[in-house]
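2 protein chains.
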Amino acid sequence: MIKVVILGAGNVATHLFKAFQKSDKVMVVQWFNRDLEKLIPFNNEVGITNGISDLESADVYFISVTDDAISEISEALPFEDRLVVHTSGTVNIHDLDKKNRRGVFYPLQTFSKSVDIDFKKVPICLETIEKDDYKLLKTAADSISDFVKKVNSDQRAALHLGAVFVNNFVNQLYRLAHEITESTGAEFDMLKPLILETALKVQDNSPFRAQTGPALRGDKSTIKAHLKRLQNEHHKDIYEILTQSIKNTHGR
Amino acid sequence: MIKVVILGAGNVATHLFKAFQKSDKVMVVQWFNRDLEKLIPFNNEVGITNGISDLESADVYFISVTDDAISEISEALPFEDRLVVHTSGTVNIHDLDKKNRRGVFYPLQTFSKSVDIDFKKVPICLETIEKDDYKLLKTAADSISDFVKKVNSDQRAALHLGAVFVNNFVNQLYRLAHEITESTGAEFDMLKPLILETALKVQDNSPFRAQTGPALRGDKSTIKAHLKRLQNEHHKDIYEILTQSIKNTHGR
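Sequences listed follow chains A and B, in order. Going by my numbering, the letters in the first sequence line up with residues 1 to 252, in that order. Going by my numbering, the letters in the second sequence line up with residues 1 to 252, in that order.
What the hints contain is simulated information worked out from the structure, not anything from laboratory work. Please note that the accuracy of each hint is not assured.
As the list makes no split between identical chains, a pair holds if one copy fits it or if it spans any two.
Simulated pairs of lysine to aspartate or glutamate, DMTMM-like, Cα-Cα distance not exceeding 25 Å [unchecked claim]: (1) K18 x E197; (2) K99 x E130; (3) K3 x D54; (4) K149 x E187; (5) K247 x E233; (6) K131 x E187; (7) K121 x D204; (8) K192 x D118.
Using the sequences provided together with the hints, build the complete structure.
Below you can see the structure in the form of structure tokens.
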């Protein structure tokens, strides 16, 4: 059994705790958070603490706090030569204090506290400096997810940036479509099957192959009609830049 | 039984034919296309023709051809006062020749010839000039889809434009993420669960509520790191405009 301590009580920490509770390879021996209040609901399931000097002995320490606080909390740990990992998409492995063995355990998914997630389908990006530490992390990760990969800090930063495009930016395009449709009294709901189909299509096809529409076809009259319809200058700018982007990609 | 004739042999026409073949309210009595070759595979299932003067009597004629050809083919029809509809998202109902009763039957989904689609889940936007024609179209549409709505030409144009945002533009963001991740040797596949989750999230939440990420949080250091990482000026422009868009929407 791999004994772990979780530090932090945000969305990732909470989902990680729940996933580990179901694992037969990992045991959460303690949960730390500066604000103990947030951990009270889990008091019956795990030992909780807000004292960094009270941390118990464990095989891995998971630092799952905001990016800015990772380095500081890794320095504050009152022990040496143990395996300490963070769960961030952007923070470099070397930002962890080198008095301990270091690693990264980054689950690449969007987490909401209120929405349960099937961790089996969450890709986990692993990085360590020592080979043996990798084996240990891999065993822990494999016990909660079917999709575990070795990913270095440069690749992880690229994945995190890619995630902003396919999650935050895509969601903003949904928002703009919402504004555009509702301004005429049309229902945004009518677009939902298309939203889902678009996401499903790239599960088995490359986005390059999946592309369709007026920009790809070079259909100038439709593009002109769309631009005329867009009253909001900001919407217009986004329409133009993404139309140009599609043309660039497909050599038109 | 509602007798229909389909004109055109593109993706929409073909999927519509297949859906009507399964309907117990609609019978396709004839399929017209200028290039008869494309209809040969369906020769055993339906009468086919490439002669516009040979069109049979029917309750509805579905013009499912490229936008530019709709008006012309509606003028070429050798009869009057029958119900003629087109299946386009952008063409106005009044672009159909007024010698016939007019309507629109727009299925709002992305169709590929090779991919089977569950038409039950395809929203269909209906518009007619006469009330009785609406009833007839509604009966036909309800027999193949669970999601039929009355939508006027202005609303339909807005939905079509919204569809470009949530389908073509979203797909292009997938493509950019593909470029960004693969440039470091990271796998685009790792983003696929996130892509799906992002689309699923707005099935039950508004895109406004579903938003997360650095732009929403006003996390300047992450935004700065992302911009530094983006070498491609075009990627950078898109990052900046969509980050600004999220800030505008959420009043930051």
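*Can you name, in rising order, the numbers of the hints this structure does not satisfy?*
none
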